[in-house]
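Order-wise, the sequence lines are chains H and L. Add 33 to a position in the first sequence, counting from 1, and you land on the number used in my numbering. Add 196 to a position in the second sequence, counting from 1, and you land on the number used in my numbering.
I should point out that these hints are in silico values taken from the structure, not numbers from a laboratory. Be a bit skeptical, because a hint or two may be false.
No more than 27 Å apart at the CA atoms, straight line, and that leaves these computed lysine-lysine pairs for BS3-like [said to hold, decoys possible]:
#, chain 1, residue 1, chain 2, residue 2
1, H, 408, H, 364
2, H, 174, L, 349
3, H, 375, L, 334
The chain contents come next:
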Amino acid sequence: MNQPLVLMEGIEKRFPGVHALQNARFELMPGEIHALVGENGAGKSTLMKILTGVYQKDAGKIIYKGKEVDIPNPRAAQEMGISIVHQELNLMPHLTVAQNIFIGREPRNKRFPMFLDEEEMNRRTEELLEMLHLKVDPKTKVADLTVAKQQMVEIAKALSFNSEVLIMDEPTAALSEAEVEELFNILRKLKQKGMGIIYISHRLEELKEIADRVTVMRDGQYIGTTRIDEISIDKIISMMVGREIYETLREKDAEQNAEVVLEVRNLKRGREIKNVSFKLKKGEILGFAGLVGAGRTEVARAIFGADPIESGEIYVKGKKVYIKNPSDAIKHGIAYLSEDRKRYGLMLGLDVEANMILPSMQDFLNPIGFVRKKKAEKVCDEYIKKLKIKTPSLRQKVKNLSGGNQQKVIIAKWLMKNCDILIFDEPTRGIDIGAKNEIYRLLNELVSEGKSIIMISSELPEILRMSHRIIVMCEGRITAEIDGKEATEELIMKYATMYEN
Amino acid sequence: MKTNFIIRWKMGVLIKMETAQRFRFFRRGALRQLLMFGSLFLLFVFFSIASPNFCTFENIISIILATCVNGMLALGVTFVIITSGIDLSIGTVMTLSAVMSGVFITYWHLPVWIGVLGGIGTGILCGFINGVVISKMKLPPFIATLGMMMIAKGLALVISGATPIYYTDAPGFSEISMGSIIGKLIPGADIPNAILIFILFAILANIILTKTAIGRYDFAIGSNEEAARLSGLNVDKWKIVIYMLCGLFVGMGGILMASRLNSAQPALGQGYELDAIAAVVIGGTSLSGGEGSIIGTVIGALIMSTLTNGLRILSVPQEWQIVISGIIVIGAVYLDIIRRRKG
């Protein structure tokens, strides 16, 4: 066996109050795709930040290509050939593709080295993009690219450093299935060239397809490494959570002739929403499947009044309503829970109570306009119990809660406002596997209490498992409506890729 | 034969796509500049029709001359605003620079050129301190430069004893602004040096912003500071450099100001920072960073002084001039927001 490309041993890292890494270990061979998995907070990111020089280790050693090394800063890591593609892409949207790739090491004008050589930079970028079979003009501004393309730009940037180690942090979280396939092809190509790739992902199904080996971390510790073909997904999950997780929940069947609570007729807006009509019944979960960019979020935001519509009618419980802005929608009992919770769903710096009562503040005010503290606390406590929100107190700042609990705070907020049509956009994105199950159970409880849910999700297993009915969208159109029991991944994919012409 | 044809056809399509892309890119950038040029032009036409005294050589020169000091500050602060920072100290640092040049020349009887360098150096030093406080001590730029604004104002008063310093011993000093090299070369074209210096500095600023690493990192930091840091840029260092660069332009602004008045006026200066920031913003530079241009700033500064000048010629009371300037700032930025929404 040849020597490992990277070997990290006995890595320790402490932050104030947290022992983030405890005797952590990781090994990467050349020409290998090595998956690194673990729940949020297991220490994956911290370990990778140490490898890329963002953090400094407290103890332990890093052996890179046979030699013990020190990685004092991100620059040093890059120059050694260790590159990372972050989950939150680290590009500068106002700069062009080429400018982003060569930032900090722009080729200089031969005669006047104080000037940048833009042409040389664009030419070299073109070569890099060529290698990735990416048809993008180096002079395009990054802001004008899709997320998938932006990710490719990051990979191109890694290649430009002649990197031997490429770390991909949750690369597929925002990609559609087709884009994921493309990404995998590129990763396989890079692997054949002898590059070692560290692949961090929550989507375990994916790992089976792309990874060679998998290392599991839990609570900052190394749990184990195995070949991916010798281990089942269930086994990986139990290594990750260190406990048995809940059985898959079997949802209650929806009533066939339940009341229609929301009906959308001929919703239209430009190329994003093309003549969308559907009905949502009381007590059902209506899944919205489709690739990224299929127009699902656009439809949801239009119904919620967050974006304008050109034409179309919306009926709530049989009555025609006019929704011009989100506050209209909320008045009619419609809530939208954005996929980007931190940006659109929460005031991160405020405490749990403030977040929960924000939309229904009116109900908690006394005649002079002060908040009735006792009443607010009582109601919030009820919801904390009901939704099993794990928080030390109502005074905890929301940013200190886990993703799953943050999601629950948002749900509580809308339930308090008496919203009974809940539109969830990617309800479990960025949430641990253990916490995901809790969210699923919560969704089932909500519908059995008579709420109605629209669930937009890019994760097919989630759609299949949760939905009573599934609507598939492609290019702004509804291409199919499938009964939850008859749906399969293949069927959904067929309709999700039913492009016109 | 057939495959050959298909390949050619595909290439044709590709080329077409590329030109289409380029055209769109061109259109976007050009539209904005056209809009700004257009507003300036409309102002000009309006005032020319309204008053026969507006569109004369002397008046146009006096408009540009009035632009120089504000324009110089605006050039400097453009760099800072592109990083999504702000510099509120430019007005009073300009004053301090002028006072320091007075100290060098009048108090210490040093040659004029040392006085000029001393004034500029003062600006750079203040910029350096701003940069360090912002990047190393992590103070928000608004607060850091608010502090510097007060410090510089106070120091200018202390150093000068709160009285103007006159450049009585150095007759050459006023030549810096009000002499005319062009007038000597081409008789009749008595364009003051201040205008020449402003144009040269604007060209310099444009080259720095578009052709050098400083300019590139300026945009990079404003666009996504964390990404810039993770790309290996020494963000702290570049921020300090950018605030120093701003200080350089501000220092030069102080020299132009003092030279034009032939005295360093320690009580002047506060409020200039807001006029300069207004010019930058009218010029389409985004306060949220990552976007901006020197040509925009120059036009923005010209729009402001054209407006002041024109309104004065139309005998609009000065109080109302200020009100109208305020409306113009809001209107210009609103136009830009609308344009962006459509783009």
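Right, here's what the structure says about each hint:
Note on residue 408/H and residue 364/H: the hinted pairing holds, with a Cα-Cα distance of about 22 Å set against a maximum of 27 Å. A threshold of 27 Å between alpha carbons decides the hint, and for residue 174/H with residue 349/L the separation of about 42 Å lies outside it, so the pair is violated. Note on residue 375/H and residue 334/L: the hinted pairing holds, with a Cα-Cα distance of about 24 Å set against a maximum of 27 Å.
When the structure is compared with the earlier hints, a violation turns up for hint 2 alone.
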